[in-house]
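> Okay, here's what each chain looks like letter by letter:
4 protein chains.
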Amino acid sequence: MAGSIFGKHFTIQTWGESHGKAIGVVIDGCPAGLALCEEDLMKYLNRRKPGQSRFATPRKEADEVEILSGVFEGRTTGTPISLIVHNTSQKSRDYSEIASYYRPGHADYTFDEKYGFRDYRGGGRSSGRETIGRVAGGAVAAKILQELGITVTAYTKSIGPVTIEYSRFDPELITSTPTGMPDPEADKKAQTYLEECLKETDSAGGVVECVVKNCFAGIGEPVFDKLDARLGQALFSIGAVKAVEIGDGIKAAASKGSENNDAFVLDGRQIVKPSNHAGGILGGISDGSDIICRAYFKPTPSIYKEQLTVNKDLQEIPVHIKGRHDPIIVPRAVVVVECMTALTLVDLLLENMGARMDYLKSLYNRKQ
Amino acid sequence: MAGSIFGKHFTIQTWGESHGKAIGVVIDGCPAGLALCEEDLMKYLNRRKPGQSRFATPRKEADEVEILSGVFEGRTTGTPISLIVHNTSQKSRDYSEIASYYRPGHADYTFDEKYGFRDYRGGGRSSGRETIGRVAGGAVAAKILQELGITVTAYTKSIGPVTIEYSRFDPELITSTPTGMPDPEADKKAQTYLEECLKETDSAGGVVECVVKNCFAGIGEPVFDKLDARLGQALFSIGAVKAVEIGDGIKAAASKGSENNDAFVLDGRQIVKPSNHAGGILGGISDGSDIICRAYFKPTPSIYKEQLTVNKDLQEIPVHIKGRHDPIIVPRAVVVVECMTALTLVDLLLENMGARMDYLKSLYNRKQ
Amino acid sequence: MAGSIFGKHFTIQTWGESHGKAIGVVIDGCPAGLALCEEDLMKYLNRRKPGQSRFATPRKEADEVEILSGVFEGRTTGTPISLIVHNTSQKSRDYSEIASYYRPGHADYTFDEKYGFRDYRGGGRSSGRETIGRVAGGAVAAKILQELGITVTAYTKSIGPVTIEYSRFDPELITSTPTGMPDPEADKKAQTYLEECLKETDSAGGVVECVVKNCFAGIGEPVFDKLDARLGQALFSIGAVKAVEIGDGIKAAASKGSENNDAFVLDGRQIVKPSNHAGGILGGISDGSDIICRAYFKPTPSIYKEQLTVNKDLQEIPVHIKGRHDPIIVPRAVVVVECMTALTLVDLLLENMGARMDYLKSLYNRKQ
Amino acid sequence: MAGSIFGKHFTIQTWGESHGKAIGVVIDGCPAGLALCEEDLMKYLNRRKPGQSRFATPRKEADEVEILSGVFEGRTTGTPISLIVHNTSQKSRDYSEIASYYRPGHADYTFDEKYGFRDYRGGGRSSGRETIGRVAGGAVAAKILQELGITVTAYTKSIGPVTIEYSRFDPELITSTPTGMPDPEADKKAQTYLEECLKETDSAGGVVECVVKNCFAGIGEPVFDKLDARLGQALFSIGAVKAVEIGDGIKAAASKGSENNDAFVLDGRQIVKPSNHAGGILGGISDGSDIICRAYFKPTPSIYKEQLTVNKDLQEIPVHIKGRHDPIIVPRAVVVVECMTALTLVDLLLENMGARMDYLKSLYNRKQ
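Protein chains in written order, with the numbering used here: chain A, 104 to 471; chain H, 104 to 471; chain L, 104 to 471; chain G, 104 to 471.
Be careful, since some hints might not be right.
What the hints assert, rightly or not - Below, a list of computed lysine to any residue pairs in the SDA-like style, where the Cα atoms sit at most 25 Å apart:
1) L/LYS359 / G/LYS464
2) L/LYS124 / A/LEU466
3) L/LYS415 / A/ALA125
4) G/LYS464 / A/GLY177
Said to hold, decoys possible - To list a few chain G residues with every Cβ distance to chain L over 10 Å, as calculated:
5) LEU251
6) GLU268
7) LYS292
Worth flagging that the hints you see were computed from the coordinates, not collected in a lab. Fair warning: this is a prediction, and the values are worked out from it, not measured in the lab. Glycine is no exception: its CB is placed at the ideal position from the N, C-alpha and C atoms.
Work the whole structure out from these sequences, hints included.
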């Protein structure tokens, strides 16, 4: 396996290059009997579409998804679900310039070093378009979670210097602003900041936070497949993520035990934690509180501002990256973070089904 | 697989509980012909041993490792290497108190929720003693890297409010201070801080940074098995880690593209990066610069200071955790971070061997 | 992973149902730099096409394969290769009858028991059309083997009572007869037998043998991933296979050690085995002799001859299966056996690259 | 992973060499709450012990197993179960002869080719002693099956020319005869045959059949992880197995569809198959009938009778293998076949728990 398969029980395999014929994903291990149609997927895919604000690339991508297998009479059959999105907007333009040098901050150089050559058209396999497969697969995972009463919600927490607090806003607003910040005031400030970046022919980074509500305690495997470890892999696998936090994250390292520990108290006969520094995970296993994680995105590397690099004739040259690039990828990455979190959770929910002998007995005695 | 296996090519499987008969690890996929003996492993295991300073638990653990298989006449044979450390210092004391309630910040509650009951003696499977297996396995991985000229070095970067800078110190000093900070002045400040924590019957957190030098470009698989994604899983799988950074990490999210991108320039005929904001990874693949990652550890959850929790009779009670606990785990976690990084790298180095047809041809033609 | 992924290093994931929109496969882990085009795949796919003789279903399937990703400028890029074949010949006919009862010898009943319902159109996921993905993936594997000088050749060894011997024929003839028997005389007898079966509205089974030539010694992992164990999984995963043999197979169990052991002798300075009862595998590892395996196929279960079964109203009913079915699947299965063998070998060839420290050193020192 | 891990959900990893310090196995993914003690394991381990008849090696091996982890207060905890058997009977004798040449029919040559050298003491990793780990792990799997009402029973079906029929005997007799044949008459004939072999300083092969009773329909994944495919891998992974059959096996290939298909009929409201040519598996999924598989073992390769081979100085030499070897391994392999079958089933039973949305809902709603 060379890296395009995620998960052990509910697996997705993404495939496709930015300027190839199509982009897609194959899901294996999806339980049978889930109602599923193209609209379920488009709801998520529409959220990552470009061309929705002046901070996203102005190109129009239809990005219509087609279900090729694994669904019969409106329900999943338990067999692989193959999803495809045809690349319609990728015009055959001249890539000879981009093919001739290594763009700073991109994977051009490392792909050449690894494979000996690269598909240089629009970033090839490293293009953000690869996330179409993740979002299509994540939409299915999210639908499974929904059936179990679990919700996964991501939003833009920071853009450049502008930051909002989780407690303060209405999640309904997330998709209503061009930045993905569910706080109109912060959204306005962030827009102003991004316009400055555009003027300077520069780009910006930001932070996406994701909150899982109503997840049972007990999800996650001890040691290497801890819920936080798998979330760590999931979020770092998104291009441009340079840091990941769980709960208090970095702040936890500077606090004291008495500040960082969450007490257990009773809510009726239910054991609950009044605080949640841990971000809903103890010992790698969900504890019933909200699961909270954060992904930090670097600024888009493609900038028009002059940079220094080396070309294939081994000459140092100045470059100005042209083309249709977002000055920030964070608003479009929100749904990707949400989907990677959903995929991680469903995979571990399935794994947890074998955790106890009484689960086996209850399931298989019912069958007998 | 329920979480105790790490890696796909060079795999380790750790086993054992804090107060069981023994702790161990089985390594599979280790190439044949590596010189290996117990001393190679003890060098690493001694670095995680308790009882070496007043900030580490005063109990003496012999922690002598034994190689049970996979090594013949001083060299690895290519078959599984089984390593065992007997638990000699774990006295049978009275665990009835710890069995009766959920310690805040620990995995007691989540293990009960997941499995229906738990081995409550000394933390059971969630004990820090589990890392013995990781360190023994990581010592083998580090030896392989050494043969290829690659070094992996971790050190304590922060304790509470005391922080040092990577550029400023001599790596030889890392093992010379009780805090693992290779800077005598910072070490002294950190010690003062920890003594305050001890007086307050409280605990502290901190940060471990790890630097990989001399690694080739090309290591890491695109998409889900990116080098950073696998490092993310590896580091978050260490109990108590609440955040992970690669390169500039969190700072990258607040910077602009023109600041965060690393230029490519020539050093003779070699392509190099004069800056390293990326932390040695582009598009999930090593770029030939130093690979830099950071793990943020929460404060030790076991504190004597009063906390609130719930017992098994569903009563809210105040608790004072007694016993032999480190007021900070960071100094002993340094070698664990180093080992998890080494394990991740060796696994991906093996995976990369199949990346090109000409690698296959050069290897198999030689055989013909 | 719910069963549609094969391999650990060179993985294929097949997807698609008989009467869905398309059938396909995603290959991950294919080394970069392999010349590949649609014609390479069609050579293999044409061999499993129906409609080529009166013993194969008369329906015409175009089965044109399209490469959707992973190939750039005629060479594999190291990223996933997505291959698709659109289902063009599957007419929307009336499936209400087949949906109403369980066909004997088919997977209808077990799919219903497993998933609660099934895609009943043309066998759904259990259709022989699933093997299109295997053959497309196997064609890529076979091309890799070819580059290393290894050939994989399967042929029809038996049909009903007619059997031929490996030593006696010209492999060039395999694709020249309707039965896949490279012996015109045996082919004629087998045809006569099949015509009898057709007259009796019955069906026949048979045996496919596969021979790998010029494979190095050393391929296969000890214990659970023995070359024979992986071939066993590969061949039994083909629907209708009820027995698998390696080398002398069943006969070995009745022979004595002195008969069954293969001596080692010298051919110049080369160690060789003058006999090959072992079928080229010792201790699960290739020994340099021809690798020989055999798959035994049951007769096609879809027969017009009357059978007894149960319908969904829980009534016992007699059935006569109508439709376009082969009276024998063996001739079309020959290429499937060849492809599964090639896939198994490439996967283990890649795994073996990490078997020795000197392999790592030779590869990575060259890079430095 | 280099081949010593079996399974995806309930995994075993065996380790150890014939003449190393110990042999062992680590089980991961065992559900919590299973009652387990050393006696449960010894029941199975005693059945593979040598020294029980004159057809088994006369050496005495204590083979006492110790549970090192994963069991607390008599029940499995859900964490890895580490089992160890110390090698006590392996005396340090002179291995210089065996080290100097390649034994025909053994893995000596292929290990050297693969790894560059080998642990030549008593077969090293390829020794039959490796199966201790499988049997210890399989005993745990069998105990899980027992709790679900499923039984797995293997017996010696053939030795040389002597064969018995499944229908004819009392399973209680299996462990009562030195040959493992539960038919006193056949057992006597087989003994006579083996004595002849001993006189001729030769060895014999045979067949083990395994029957699973009371397994639900629905177990096994379509396509590559079919129940028969996984059984194929499991049984071929046992050293010396050269053929595997499911149900009618080889005979199915020579029969006609009307003979080989099993009808479905009603037993009350239960759908059953009056015949079982399929061996309990349709489309790779259990159908509720007995699951029947067979493993064909080659004769023990270590014979005193003169054979030709090559030594490390590249000279052809005649050899007479001395030492404590069984003239047949089949009677001791019976429990190994049983254990590999049990391991395969438990793994697929766990995988099947995620097959349907209503399974997830029933399990997780109960938790809420």
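> Against this structure, judge whether each hint is valid.
Each hint tested on the structure:
no.: 1; hint: L/LYS359 / G/LYS464; in the structure: 56 Å, violated
no.: 2; hint: L/LYS124 / A/LEU466; in the structure: 34 Å, violated
no.: 3; hint: L/LYS415 / A/ALA125; in the structure: 41 Å, violated
no.: 4; hint: G/LYS464 / A/GLY177; in the structure: 19 Å, holds
no.: 5; hint: LEU251; in the structure: 16 Å, holds
no.: 6; hint: GLU268; in the structure: 16 Å, holds
no.: 7; hint: LYS292; in the structure: 14 Å, holds
In this structure, the hints that do not hold are numbers 1, 2, 3, in rising order.
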